[in-house]
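Q: Spelled out, the chains give:
Number of protein chains: 4
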Amino acid sequence: MKVRVAVNGFGTIGKRVAEAVSLQDDMEVIGVTKTKPDFEAKLAAKHYDLYVAIPENLSKFEKAEIEVKGTVEDLLQKADIVIDCSPNKVGAENKKLYYEKYGIKAIFQGGEKANVAEVSFNALANYEKAKGKRYVRVVSCNTTGLVRLIHTLKTNFKIGRVRATMLRRVVDPKEDKKGLVNGIMPDPVAIPSHHGPDVKTVLPDVDIVTTAFKLPTTLMHVHSLCIELKENVTVSDVVNVLEDEPRILLISEEDGFTSTAKIIEFAREVRKRYDLFENIVWRESIGIDGNDLFITQAIHQEAIVIPENVDAIRAMLEIAEKDESIEKTNTALGIPIKI
Amino acid sequence: MKVRVAVNGFGTIGKRVAEAVSLQDDMEVIGVTKTKPDFEAKLAAKHYDLYVAIPENLSKFEKAEIEVKGTVEDLLQKADIVIDCSPNKVGAENKKLYYEKYGIKAIFQGGEKANVAEVSFNALANYEKAKGKRYVRVVSCNTTGLVRLIHTLKTNFKIGRVRATMLRRVVDPKEDKKGLVNGIMPDPVAIPSHHGPDVKTVLPDVDIVTTAFKLPTTLMHVHSLCIELKENVTVSDVVNVLEDEPRILLISEEDGFTSTAKIIEFAREVRKRYDLFENIVWRESIGIDGNDLFITQAIHQEAIVIPENVDAIRAMLEIAEKDESIEKTNTALGIPIKI
Amino acid sequence: MKVRVAVNGFGTIGKRVAEAVSLQDDMEVIGVTKTKPDFEAKLAAKHYDLYVAIPENLSKFEKAEIEVKGTVEDLLQKADIVIDCSPNKVGAENKKLYYEKYGIKAIFQGGEKANVAEVSFNALANYEKAKGKRYVRVVSCNTTGLVRLIHTLKTNFKIGRVRATMLRRVVDPKEDKKGLVNGIMPDPVAIPSHHGPDVKTVLPDVDIVTTAFKLPTTLMHVHSLCIELKENVTVSDVVNVLEDEPRILLISEEDGFTSTAKIIEFAREVRKRYDLFENIVWRESIGIDGNDLFITQAIHQEAIVIPENVDAIRAMLEIAEKDESIEKTNTALGIPIKI
Amino acid sequence: MKVRVAVNGFGTIGKRVAEAVSLQDDMEVIGVTKTKPDFEAKLAAKHYDLYVAIPENLSKFEKAEIEVKGTVEDLLQKADIVIDCSPNKVGAENKKLYYEKYGIKAIFQGGEKANVAEVSFNALANYEKAKGKRYVRVVSCNTTGLVRLIHTLKTNFKIGRVRATMLRRVVDPKEDKKGLVNGIMPDPVAIPSHHGPDVKTVLPDVDIVTTAFKLPTTLMHVHSLCIELKENVTVSDVVNVLEDEPRILLISEEDGFTSTAKIIEFAREVRKRYDLFENIVWRESIGIDGNDLFITQAIHQEAIVIPENVDAIRAMLEIAEKDESIEKTNTALGIPIKI
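Protein chains in written order, with this note's numbering: chain A, 469 to 807; chain B, 469 to 807; chain C, 469 to 807; chain D, 469 to 807.
A few of these clues could be false.
Heads up, the list lumps identical chains together, so a pair's fine if it works in one copy or across two of them.
[Said to hold, decoys possible] In silico DSBU-like links for lysine-lysine, alpha-carbon gap of 35 Å or less:
1) 557 to 531
2) 626 to 537
3) 626 to 504
4) 740 to 510
5) 546 to 564
6) 569 to 470
7) 626 to 740
8) 646 to 796
9) 645 to 564
10) 806 to 531
11) 645 to 599
12) 796 to 514
13) 806 to 537
14) 626 to 546
Rather than coming from a laboratory, the hints here were simulated on the basis of the structure.
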């Protein structure tokens, strides 16, 4: 008997989550929702039972001749769990309007405030904490990228302060109204950016401060990290540890990976919609100066949280232990890619 | 017995051509070449027999532990035809160095001068002319986009002068050294841009003038066309004719296709590497004012010439008639996509 | 006795209008308004008497220690005429709220609908029509650029249909929230863009159709024009006519003007805030093919309407005839620049 | 008797240096050179005696009807000192070809290797070291920005390790051929970027590691700094110290300075070609977490080294002491701007 998963919202995250859930053998997508009848709704209807996220918009779908099976409320009544993939802050509204009403377990995304859920989640770092929980929040793309890396390092080495500069793509590739066209925007100007405190919702004992900047690019975020080492560690120690974690992929400038543009060019060959579920770490960027370890990683903001959403389902429903879930997810999604 | 195809160059065009040839039932890729041992070479070696395009670089591949089967000369001796996918102007050098020497039929890309080949080719417009030829040049992405549209219109309607403004993406997504970061560049300043004369290499009797501009974007080119109508034609006449041509896809702003960013977002869902082999025409852009027909189309520069290369093989080797070849190619490549 | 001018709004247009008015010998700026106490307000207060555009915001200015002389209503009572430089559509609101109430003559910008005023204005094309009028609208940057060029051509040659493709910078250099980061956006998709009809508010008898595209750049708009010639005209005839019009500046690719980036680099040397009040026409872009004249021009969207606003004052108050006003404005603003 | 200064190269740096020298009362520009007869050469000829940097190109200038006074060799014979403003690495060639031959003192820019000169120079940090020297190198824009800030801090506080992430504009506004259009490029991938070691050419005892990234923007660089404090310091201590240094300008997000785009918008109002000679530090970015001080600053790459070049002249010719020179330069250039 498979877990029946509802995906509320079929945008950047929702469409990836729906596909990833479909690829697992212990769960199935029983429906997805969409607010308006655009090309993404048509794609949704081709692959899934489609429900209308905003009941008042039902007639718009009829007019566009897109078949819908009902409204979000109809969908929720059939599901074991819902993954909320609606835009920032709408998740909290959905919780009040629907999820509490129908008593359904729900997973939220990192755009929501931490207090929307009982646990802020990352599969590698705190899978156990989500066990049996009703509301879980998968932390955002940047936080997921930081947590995976820091957790992997601190599990293997004694580390101290973490300082990270976050170079953020200003909008996703599909957005054509917002932006920053020519400039660099500290966001925020005052330290810290929210990423540091957000990391602490998962890894409470890390001494981390982050600064963040919006940049006129769409492809990936990049993190420039400086991490204090509190024991003797070599570059190859770090490389070995990162190579052992499937959700972290080491790439090499030598192979032609000179920028995020080249990383995406590679991903276009090997993954649908060029989705990179892994942290992408430049091997040559791993360097040590005195007690400080330096690492540069690129994060595909559209895709990195997808495996975490799948694992969160298993943890909340207690249908698999951590290692089993992560391995199942990785295998189904082809993590890690081989170069 | 399948046609044995060599693909010389495995960059933006080469890797797509190789895959498209592999998908046909009457031809096979017997090898591809690469100049340097980067990540694209590794991908090439995973799927094809790999040969070194520049014999002197053989040791670099060995050092990078990428298995190669020999040099480009070894490859050419086994092939029935070569598709030259090397950068602009290198094709002409390869012809002199290798193709003439081995007496092999060769297809060149649009970056070469027209006189590199006997025929400048577009499958819809002049398939017959390539029959039995030794050297054929598939015209460039922008020219292919213009030729398909103009040919389709002039086959169905009496048309006069064609005026097109070409809005060109300045570099491909993978390029990270060249560009235009913030500005608009007439290229060239003086009329006409080369696209008009290039169209005439395929459609000699069209009265066309083009102006062209480089723009700081990577995704697609856009053409803004104004075409004189010499008979009474309605917008729905034009829509019908374009809908009947599989290599032209009509999209609608109503479905959320507001920019090239949205078109690519759609393509990421339905095609590997988001390849769009079709001219993408905005349905609402088709308008008539007096005797002038206006059309706006977007052209995916990385992909649009791929089906034409496949058809060129069949024409040159005379293994299929025009309609049969085009249908085979379209079926194998999934042309057109359904939205 | 100088004309007492109020400038309502001190953003991109307002600050330039205020300075341009200050440079004339027959008018003076008696005050400018600002909605919020940011760095532009501080600059305003340094050079002009500053009034608060939104009376409720008075305390914010006090808190920021910026001296204000009162509210917009205080200012209007002292002025002979107001130039409304508020954002799109706010001008119409200001008219109802204030200008009608105080019976003051007002100039609006091109972001307002044509019916906000009695006349849509361009100094070269219809100065006479604004004489004595109460409400005049200076047409937008793109329309001003088109009108100047078309008016100059049609005054000298018999011309027919005009077809223009408008390549628009998506945001001004100072905007850091909106945009289009990587893509090309037809805006609108359906023909015609509003520019053609807007040209007709000034030049009613021109057969013009425009298409328009938003592009990820901030510096200048570019227009690619195709104009039907109804008599025998040579390229040098056109060059001569354009050279005779001070508000049109011919530049040459030969001098290194390869893109809008180079034009702005030049402007930075010769004009405060690199303001280009002139249409910038590439000399080499002027070409004739059959009966069609081709011209490419760049338009500095922040500056091109400034001289028109100054002339509108003189026309409305009937203090100078057309040629006298234009010459005074040109002289005061240093139009045209010499290269 | 004024110092006779030759400026060899009249590009981005050269034209600014020439103007800055002209504004001093103790030196004069006796000539500038240019390699080709473009619009920048015409501007040069309007303000200065123009010489040809590449003697073979003399006829090109004649053809373009630009008056030249001779070749670079003619110029050098009349000068007391030359400021080499040629592109990277050409300065070293000029030294060998010309400066050694004519025994002239020379100032080089930061694009040259440190060993081109006896001293790597920053006026605040090591004015004394340049006294009487024959060859001095003014460090690059990014290094100048770092040195000014670090020197000011270490003069006032005990500081330890400095970690800086350099967010670099990929090209200057006038460049329209190179770039990075959509992506983020670590440059270099391996730590450290050259900026850290370059800082040490001026401040040898600073423990600094820098990482650097190229970004698709043209306006300014941004530095995100984390500096270890070795004594008890408050944010307002830091603010006070930075406010006291005229070559560092504190700006406030509260005033609307949300990005480099807004900073440049401000600069357009107050400085020719929007030149910002000062480090631009966001006041709200100054924060302390434990022992770590965080600061974000923006650097106008085209302008920041200009005052340093002027001071280098005085130091090398020993015509003023450090404080006198800096004050003269600041006064002549209007440093600092008041907001």
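Q: Between residue 546 and residue 564, at a C-alpha cutoff of 35 Å, which is it: within one copy, between copies, both, or neither?
A: within (19 Å within a copy, 55 Å between copies)
Q: First find the shortest C-alpha distance between residue 626 and residue 504 inside one copy, then the shortest across copies, and answer within, between, both or neither for a cut-off of 35 Å.
A: neither (50 Å within a copy, 41 Å between copies)
Q: When no copy is named, should residue 796 and residue 514 be tagged within, between, both, or neither for a Cα gap of at most 35 Å?
A: both (26 Å within a copy, 25 Å between copies)
Q: For residue 569 and residue 470, with the copy left unspecified, which applies at a CA distance of at most 35 Å: within, between, both, or neither?
A: The answer is within: 24 Å in one copy meets 35 Å, while 63 Å across copies does not.
Q: Reference check for the pair residue 806 and residue 531, CA-CA at most 35 Å: within, between, both, or neither?
A: Between. Shortest inter-copy distance 19 Å satisfies the 35 Å Cα cut-off; intra-copy 46 Å does not.
Q: Can you give me the call for residue 645 and residue 564, within, between, both or neither, at a CA distance of at most 35 Å?
A: both (30 Å within a copy, 31 Å between copies)
Q: Given a CA cutoff of 35 Å, do residue 557 and residue 531 count as a within-copy pair, a between-copy pair, both, or neither?
A: both (29 Å within a copy, 33 Å between copies)
Q: Indicate which option fits the pair residue 626, residue 546 if close means a Cα-Cα distance not exceeding 35 Å: within, between, both or neither.
A: Neither: 47 Å inside a copy, 58 Å across copies.
Q: At 35 Å max between alpha carbons, let me know whether residue 626 reaches residue 740 within a copy, between copies, both or neither.
A: neither (38 Å within a copy, 43 Å between copies)
Q: Since the copies are identical, ignore which copy is meant and state whether residue 806 and residue 537 lie within 35 Å (CA to CA) inside a copy, between copies, both or neither.
A: between (40 Å within a copy, 22 Å between copies)
Q: 35 Å Cα cut-off: does residue 626 pair with residue 537 within a copy, between copies, both or neither?
A: neither (54 Å within a copy, 48 Å between copies)
Q: As a check of your reading, is residue 646 near residue 796 (CA-CA no more than 35 Å) within one copy, between copies, both or neither?
A: Close neither inside one copy (38 Å) nor across copies (42 Å); limit 35 Å.
Hint compliance for this structure: hints 2, 3, 7, 8, 11 and 14 are broken, all remaining hints hold.
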